[in-house]
Amino acid sequence: HPDWVAGRVYNYSDFFLYKNRVDAERMLNTARMWCLFSWGALLAWGILGWARRLGGETAMAAGSLLMGLCPALFSNAAVVTTDAGSSVFFFLTFWLLSAKGLGLYRWLGAGTAMGAAMACKFSMFLLPLFAIAMILAEWNLLRRRGYRLPGAGLAAALLTCVAALVLAYRLVQWPLYWTGLSATLARLGEGRGSFFFGSHSVTGTSLYFPAALAVK
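Mind the numbering: the sequence shown is residues 240 to 455 in the working numbering, read in order.
Among the hints, erroneous ones may be present.
To be verified - Quick list of in silico lysine to any residue cross-link-like pairs, SDA-like style, CA-CA up to 20 Å:
#1 K339 to S277
#2 K360 to R409
#3 K360 to G348
#4 K360 to L304
#5 K339 to G392
#6 K339 to L388
#7 K339 to K360
#8 K339 to V319
#9 K360 to T399
#10 K360 to S252
#11 K360 to S277
#12 K360 to F333
#13 K339 to W273
#14 K360 to Q412
#15 K339 to A395
#16 K258 to V319
#17 K360 to A402
#18 K360 to L388
#19 K339 to K258
#20 K360 to G294
#21 K360 to S303
#22 K360 to G392
#23 K258 to T269
#24 K360 to F330
What the hints assert, rightly or not - Across the chosen pairs, the derived CB separations fall in these ranges:
#25 S303 to E429: 40 to 46 Å
#26 A450 to Y251: 25 to 31 Å
#27 S314 to L388: 40 to 46 Å
#28 K258 to K339: 52 to 58 Å
#29 G342 to R271: 20 to 26 Å
#30 M266 to V411: 25 to 31 Å
#31 T269 to I371: 23 to 29 Å
#32 G385 to R291: 27 to 33 Å
#33 M306 to Y386: 46 to 52 Å
Worth flagging that the hints you see were computed from the coordinates, not collected in a lab.
Cβ coordinates follow ideal geometry from the N, Cα and C atoms, glycine included.
Model the full assembly from the supplied sequences, consistent with the hints where possible.
Written out as structure tokens, the structure is:
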């Protein structure tokens, strides 16, 4: 299609959705249901597993109740974007890394979740840096008790992260990740329109998110 060849992604997406042989609403609803149940199930697995580890069955029951009473989780999970996926894999990364006495499988699982988060959303390119910083901070706090820096496990997780990301791009298209990340960072540098208590801006304000949280 000419739009595909020319790289006009949004034009091609509209064409694919509304000029297809299958009804657009049917495709959207199918995608919404898949997102809701897949991301919801993965997030529940992480939340309930972490709650049970920290406080047993009672904590798991409380976590289940609180999750069920949080409509924002389900409304965002049902939107056909990669935001919910990146959030879920972000959460799973730190759930897997939080276990005491990490075994190889948990390191590999954390690396896979990390790579999947990066494949979902370009903003997740900072996730490996967060993970490394937190592991180093933990080592710094506990090294006097004989805690050793888990260098081999961390290396295994980072290698698995790269492998998962490369596989998501079907190996040969791996350079596209860097192209997309560069384009995203360039767009962020150009600014984005925002509205804050009666004023418009393309550079934003530091009070925006604290005010939004306070209003919510």
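Requested in this report: Just tell me: holds or violated, for the beta carbon distance of A450 and Y251 against 25 to 31 Å?
Outcome: violated (38 Å)
Query raised in the report: Hey, K360 versus S252, does the alpha-carbon distance stay inside 20 Å?
Result: With a Cα-Cα distance of about 18 Å, the restraint between K360 and S252 holds, given a limit of 20 Å.
Query raised in the report: Going straight from one Cα to the other, do K360 and R409 come out at no more than 20 Å?
Result: Holds, at about 16 Å.
Query raised in the report: That 27 to 33 Å hint for G385 and R291 (C-beta), does it hold up?
Result: Once the Cβ atoms are compared, 28 Å apart, the range 27 to 33 Å for R291 and G385 holds.
Query raised in the report: Is K339 close enough to G392, meaning Cα to Cα at most 20 Å?
Result: holds (13 Å)
**Report entry** L388 and S314 - C-beta distance against the hinted 40 to 46 Å
**Finding:** holds (41 Å)
Report task. Given the range 20 to 26 Å, decide if the beta-carbon distance of G342 to R271 lies inside it. Result -> For G342 and R271 the Cβ distance comes to about 37 Å; the hint is violated.
Report task. Decide if the proposed pair is consistent with the structure: K339 and A395, CA atoms, cutoff 20 Å inclusive. Result -> holds (17 Å)
Query raised in the report: Is the straight-line distance between the alpha-carbon of K360 and that of S303 20 Å or less?
Result: Cα-Cα ~27 Å, so violated.
Query raised in the report: Taking 20 Å as the top limit, are the C-alpha atoms of K339 and S277 close enough?
Result: Not OK: K339 and S277 at ~27 Å, beyond 20 Å, violated.
Report task. Given the range 46 to 52 Å, decide if the beta-carbon distance of M306 to Y386 lies inside it. Result -> violated (32 Å)
Report task. Could you grab the alpha-carbon distance between K360 and G348 and see if it respects the 20 Å cut-off? Result -> holds (19 Å)
The structure fails hints 1, 4, 7, 8, 13, 18, 19, 20, 21, 22, 26, 29, 31, 33 (numbered hints given earlier, in ascending order).
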